[in-house]
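I would like the entire structure built from these sequences, with the hints used as guidance.
Protein chains: 4
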Amino acid sequence: MVQRLKIGCAGLGRMGKRHALNFLERTPRAELVAASSPDPVELEWAKTHLEPFGVRLYQDYDEMLKQEGLQAVVVASATAVHAEQAIKAINAEKHVLCEKPLSTSVETSQSVVDAASKKPHLKVMCGFSRRFDLSYRDAHKKMTTGLIGTPSVLRSQTCDKLDPSGFFVAYAQYSGGIFVDCSIHDIDLALWFFGANSQIKSVSAVGITAVEPDLRKHNDRDNAVGLVEFFDGKIAYFYASRMMAAGQEDTTEIIGTKGKVAVNVVPQMNLVQLSDDQGVRREIPQTYWDRFELAFVTEANEFTAAVLENQELPFKLEGAVQAVRIGAALQEAMVSGKKIFFDESGNRVESARL
Amino acid sequence: MVQRLKIGCAGLGRMGKRHALNFLERTPRAELVAASSPDPVELEWAKTHLEPFGVRLYQDYDEMLKQEGLQAVVVASATAVHAEQAIKAINAEKHVLCEKPLSTSVETSQSVVDAASKKPHLKVMCGFSRRFDLSYRDAHKKMTTGLIGTPSVLRSQTCDKLDPSGFFVAYAQYSGGIFVDCSIHDIDLALWFFGANSQIKSVSAVGITAVEPDLRKHNDRDNAVGLVEFFDGKIAYFYASRMMAAGQEDTTEIIGTKGKVAVNVVPQMNLVQLSDDQGVRREIPQTYWDRFELAFVTEANEFTAAVLENQELPFKLEGAVQAVRIGAALQEAMVSGKKIFFDESGNRVESARL
Amino acid sequence: MVQRLKIGCAGLGRMGKRHALNFLERTPRAELVAASSPDPVELEWAKTHLEPFGVRLYQDYDEMLKQEGLQAVVVASATAVHAEQAIKAINAEKHVLCEKPLSTSVETSQSVVDAASKKPHLKVMCGFSRRFDLSYRDAHKKMTTGLIGTPSVLRSQTCDKLDPSGFFVAYAQYSGGIFVDCSIHDIDLALWFFGANSQIKSVSAVGITAVEPDLRKHNDRDNAVGLVEFFDGKIAYFYASRMMAAGQEDTTEIIGTKGKVAVNVVPQMNLVQLSDDQGVRREIPQTYWDRFELAFVTEANEFTAAVLENQELPFKLEGAVQAVRIGAALQEAMVSGKKIFFDESGNRVESARL
Amino acid sequence: MVQRLKIGCAGLGRMGKRHALNFLERTPRAELVAASSPDPVELEWAKTHLEPFGVRLYQDYDEMLKQEGLQAVVVASATAVHAEQAIKAINAEKHVLCEKPLSTSVETSQSVVDAASKKPHLKVMCGFSRRFDLSYRDAHKKMTTGLIGTPSVLRSQTCDKLDPSGFFVAYAQYSGGIFVDCSIHDIDLALWFFGANSQIKSVSAVGITAVEPDLRKHNDRDNAVGLVEFFDGKIAYFYASRMMAAGQEDTTEIIGTKGKVAVNVVPQMNLVQLSDDQGVRREIPQTYWDRFELAFVTEANEFTAAVLENQELPFKLEGAVQAVRIGAALQEAMVSGKKIFFDESGNRVESARL
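As given, the protein sequences belong to chains E, H, P and D, one line each in that order. Residue numbers for the first sequence follow our numbering, so the first one is 5 and each next one is one higher. Residue numbers for the second sequence follow our numbering, so the first one is 5 and each next one is one higher. Residue numbers for the third sequence follow our numbering, so the first one is 5 and each next one is one higher. Residue numbers for the fourth sequence follow our numbering, so the first one is 5 and each next one is one higher.
Everything labelled a hint here was simulated from the structure, so no lab data went into it. You may find that some hints are simply not true.
Distance condition first, Cα-Cα at most 16 Å in a straight line; then the derived EDC-like pairs of lysine to aspartate or glutamate [unchecked claim]:
no. : chain 1 : residue 1 : chain 2 : residue 2
1   : P       : 146       : D       : 281
2   : E       : 262       : D       : 167
3   : P       : 146       : D       : 280
4   : P       : 123       : P       : 322
5   : E       : 10        : E       : 55
6   : P       : 262       : D       : 280
Please read these numbers as outputs of a predicted model, since none were measured by experiment.
As structure tokens, this is what we get:
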């Protein structure tokens with residue numbers, strides 16, 4: 005008989021619903037057996053969309069963890085409880101796929117890594133979805149093959165479509181700020197393309213509030229550019245924005261000594277172009293989900309396979325802490341206006357080492 | 005309890021394997037319960053990939069049809085037996101998803117339609133995969149919305165990557181020829197975008213053997229251009245090729261009185277571009293599967309949903325006969341060198357009606 | 005002292021003005037010394053824009069030919085007098101750059117070639133502007149270098165922006181029809197890329213009047229597709245249109261046994277792209293002038309250099325007759341609805357030679 | 005009789021030759037009457053290419069200034085003498101078109117502005133060629149029209165093709181550094197798109213030597229990213245590189261509150277694309293001249309017209325000083341590793357004003 009991974013989903017908000025449905029319908033080797041949410045509205049949704057397919061529902065996450073036979077948990081709740089729920093799952097001997105970031109705090113993020121390191125038989129992964137996107141993988145493979153020589157400069161941006169509802173202002177209170185919330189993906193890409201051991205030498209950043217001045221109440225901005233220098237002579241620079249007019253514009257370029265590989269330089273929704281009296285135009289993805297939906301499906305399937313076959317995960321959990329560390333430093337550099345310096349051990353120092 | 009469609013797969017060759025796996029793994033509302041193939045090698049594959057998941061295997065298609073509870077069949081065998089197997093399934097009260105074409109013969113294709121019309125409670129669909137592709141659907145929607153005015157000219161091509169193995173020569177013996185095998189998709193698109201009732205007025209075609217002269221033994225060509233005139237003042241023209249260097253190039257443009265909508269004008273494999281001393285380049289899909297994989301998944305899911313919910317299929321079976329009729333006429337026009345004319349009832353006439 | 009070519013311009017209409025200014029301002033080695041037009045309005049324009057720069061003006065073309073020191077003539081008058089004026093210039097010992105087509109009649113076109121062949125010391129060229137376009141030249145060079153193997157199929161289109169003024173109806177009376185007026189460029193490209201000696205085997209064509217039914221009064225159409233078969237196993241197919249919504253769409257693809265080279269697959273006005281809530285869009289050239297302005301400048305300069313240095317012209321005059329022959333055959337095939345066949349000597353025959 | 009501007013060219017190196025030929029051959033309203041160079045090799049070239057067309061040659065710039073009737077000078081000599089020659093020309097009552105930068109020193113640049121301000125009847129322009137490029141102008145017009153709302157973030161890069169000869173090392177000694185030499189164009193674009201009065205608040209920058217470590221001898225780098233914050237809530241960030249594999253990659257994006265306008269997001273040499281077994285590829289410009297040749301021609305023509313018609317120049321000379329000021333600050337920030345802050349009057353301050 006075929007073995008399938010019994011998994012539960014923690015959180016049924018925007019991302020939780022997606023992860024739950026991915027494990028239910030698009031991950032053949034997994035079986036969604038449980039889901040939890042403290043929110044009655046979310047549970048109501050689950051009664052229609054999950055329960056009829058054999059998924060047990062819980063209001064209490066801790067109760068779910070006790071379900072007989074549960075092998076793994078996907079943590080897709082609010083960022084504030086990611087770490088706590090991940091650690092509880094680890095302690096309950098469950099494999100964990102945790103949505104990014106582990107936490108907006110470096111220390112809390114580290115605590116998840118510490119918990120996981122005590123249970124090396126468990127698979128614990130932070131869901132950096134772009135690592136599962138076919139285009140990013142192809143780009144990475146091309147780099148690894150040597151097609152661009154030594155990668156030296158990385159430009160990457162995570163730019164959301166303008167949401168005029170003001171959602172981002174409330175969201176900013178808990179998001180960790182634009183560099184931790186958006187640029188975390190770009191930072192993770194830098195660590196993937198430059199190597200997980202890349203040590204930062206300095207960060208500087210500037211930000212503005214072009215459309216949403218109220219973001220300043222939460223020390224946040226709606227457009228920000230960050231500049232990261234690594235000790236081995238590499239540069240990464242990031243742009244994050246909340247005000248794209250056309251849609252989601254997540255672009256990455258890696259410039260090497262012999263070539264350049266780029267992903268999504270001109271965003272596009274599909275393969276259609278329309279010609280009319282305004283010219284020739286293409287629509288673009290409206291959200292990160294439009295852009296990365298299939299990456300999330302691949303993530304669910306590969307996490308499942310890694311657990312079932314006890315194989316190595318595609319990347320290590322430690323990087324998730326390093327990404328938050330860089331994101332938080334950029335956020336601080338932006339808010340304080342100061343450039344921040346590090347020594348080769350990762351400790352802060354007062355000034356640049358030339 | 006949730007109802008799932010019990011379906012069997014006839015044929016486990018190149019396409020059969022894909023359909024079987026799609027219904028097994030990527031169609032949550034369907035349950036692949038059976039598969040048949042007369043080929044021992046194919047059955048061996050199925051023992052590894054299907055049987056462990058509860059799929060019963062048959063050497064004899066007729067036996068499979070008798071399986072208790074079987075509700076539907078996907079016919080993905082050799083083209084030569086499509087019609088026979090589809091009709092048997094219909095007569096056995098099964099819903100049918102039949103790979104294109106129903107047959108390379110107009111009459112045989114019509115016999116499937118006739119069989120289906122006697123069982124209006126059954127869902128019988130010919131698998132024109134492009135109808136399920138998101139880009140084609142978006143293009144069709146844009147046209148329907150009026151963005152291009154009245155559609156007037158359609159250009160469409162199905163161009164395969166050069167396969168230097170000579171496979172296409174052997175294949176040509178049974179394929180019906182390049183217009184029936186390749187352009188059938190483009191013809192179906194013309195019927196979709198111009199309307200299923202479009203009546204052909206004339207067809208002309210030319211073909212060459214640029215890389216594979218042996219194709220002439222089977223009255224076939226490796227590059228062909230066909231020109232179809234419709235009675236309501238519309239034109240469709242098609243290009244089919246077996247010798248693309250870069251990969252699969254399936255492009256379609258619909259030109260209307262107020263605009264143009266185009267699909268896949270410049271093919272692309274993914275969102276990656278590579279810059280090196282040769283310039284900036286993108287890879288393109290190597291096969292129709294690279295290009296249309298997700299369309300086949302959607303096809304399986306929508307066919308399943310239509311059966312389970314007893315809803316209308318997205319398009320009628322009759323069009324599949326009309327597509328073969330036009331494809332066969334183009335093939336004949338190419339081989340004979342003659343332009344072929346029709347009256348408004350679809351009968352052949354000797355000369356153009358001006 | 006530096007020698008400059010003394011040239012006169014016949015005709016000061018839309019194209020005449022452009023040629024006159026090109027020779028006046030953008031052809032350093034030429035000196036525009038004369039211009040003629042029977043039209044008082046055009047002469048009035050010339051008094052402001054040409055006369056102050058030393059250009060003598062004539063109402064009578066024959067008078068201009070007598071101007072002391074005149075060495076060459078650019079014939080940019082109405083198509084109906086192209087041939088007559090070109091022949092007169094040749095007979096008056098002038099070098100000639102004649103706008104396309106030499107004539108809408110094959111016989112009249114041939115008469116220019118005959119006149120020129122009696123004066124082999126004169127440079128007589130028909131202005132197929134695309135031969136001077138850098139992109140077409142680069143494409144041709146890539147083909148010649150062997151990058152696409154043996155060129156086998158050529159697709160080319162000349163598609164004008166919709167002009168709702170009805171201009172094209174009046175124009176159609178003298179234009180020779182859409183295949184002679186528009187597709188002549190694409191036909192010339194086929195002769196350039198496939199070789200000047202390519203012999204046609206058959207032509208077929210269909211046309212519609214999607215926006216301008218009155219064109220039928222002049223046996224013309226607003227959208228037409230033509231299919232040309234050559235004796236050496238090559239195919240060219242052409243699309244011409246008068247109703248593009250976005251602007252001028254002149255696209256060409258040459259498919260070879262080892263690759264494809266394409267020009268202007270997605271038209272663009274410049275290097276700008278605009279992102280707004282409709283997506284990402286680019287404007288495209290509105291007219292052939294927007295697209296080919298620099299090609300006309302190169303044409304003027306290269307014609308001038310060929311005369312001054314007595315070097316071979318970039319292509320032979322004979323091709324201009326062959327292009328009209330093919331264009332006229334396509335027009336006839338479209339209007340009569342009949343496929344037209346030729347033997348290898350270029351004579352018409354009744355049916356296809358298989 | 006038609007008046008033409010009598011102009012002399014100072015310097016006949018790489019850029020001098022180009023300016024000389026542009027004024028000689030491609031600027032109908034100008035007359036190149038003189039050219040000077042201290043270099044015998046350059047003068048030898050001029051004897052062949054300029055003298056036969058009536059251009060007087062000088063070894064001594066001061067002598068050229070005395071030529072009877074000379075009205076204007078294009079200063080295209082080595083950067084080190086730009087300012088001196090420009091000031092001498094101004095004092096000799098000549099109009100001046102001076103290649104960028106006026107000087108690598110802010111003070112010296114300012115001295116040209118001071119000299120010019122004493123002669124308001126003279127036209128003195130610094131040649132920021134991108135201001136004359138049709139794509140940049142179209143982008144600026146689209147912004148001015150309001151299509152992107154309020155411009156807020158500008159990304160711009162000037163990236164040269166890798167020159168493995170080591171030329172850039174020697175060049176770096178006098179170039180002012182990568183930010184003054186390359187990014188000066190991007191900085192000028194920021195001043196153009198954000199407004200000439202934009203006041204900088206802070207600059208930070210990092211640079212690496214990925215291919216040419218010897219550049220450090222001259223305090224320069226081969227890849228650098230700079231970040232500029234303006235007082236009115238705008239951000240500009242720049243990337244400059246000497247190691248592009250495919251060619252010249254000069255890209256600019258202006259992100260506004262309602263849209264984005266971008267120039268040259270994917271560079272291209274022309275309209276050709278080649279498909280082969282590597283995919284679909286386009287070549288790109290190899291040098292800034294490939295990309296901006298026509299902009300230099302327009303520059304020459306518009307400067308000429310402004311002088312002849314005594315009209316305002318398209319932009320003010322003062323901006324050239326501001327651009328050098330920002331470029332030099334970026335260079336200093338890169339070399340020192342320090343972030344540099346300014347108050348609203350442009351004075352340096354110790355720390356960020358929040």
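Now for the hints, and whether the structure bears them out:
{"no.": "1", "hint": "146/P with 281/D", "in the structure": "15 Å, holds"}
{"no.": "2", "hint": "262/E with 167/D", "in the structure": "12 Å, holds"}
{"no.": "3", "hint": "146/P with 280/D", "in the structure": "12 Å, holds"}
{"no.": "4", "hint": "123/P with 322/P", "in the structure": "14 Å, holds"}
{"no.": "5", "hint": "10/E with 55/E", "in the structure": "15 Å, holds"}
{"no.": "6", "hint": "262/P with 280/D", "in the structure": "7 Å, holds"}
Checked against the numbered hints listed earlier, the structure breaks none of them; every hint is satisfied.
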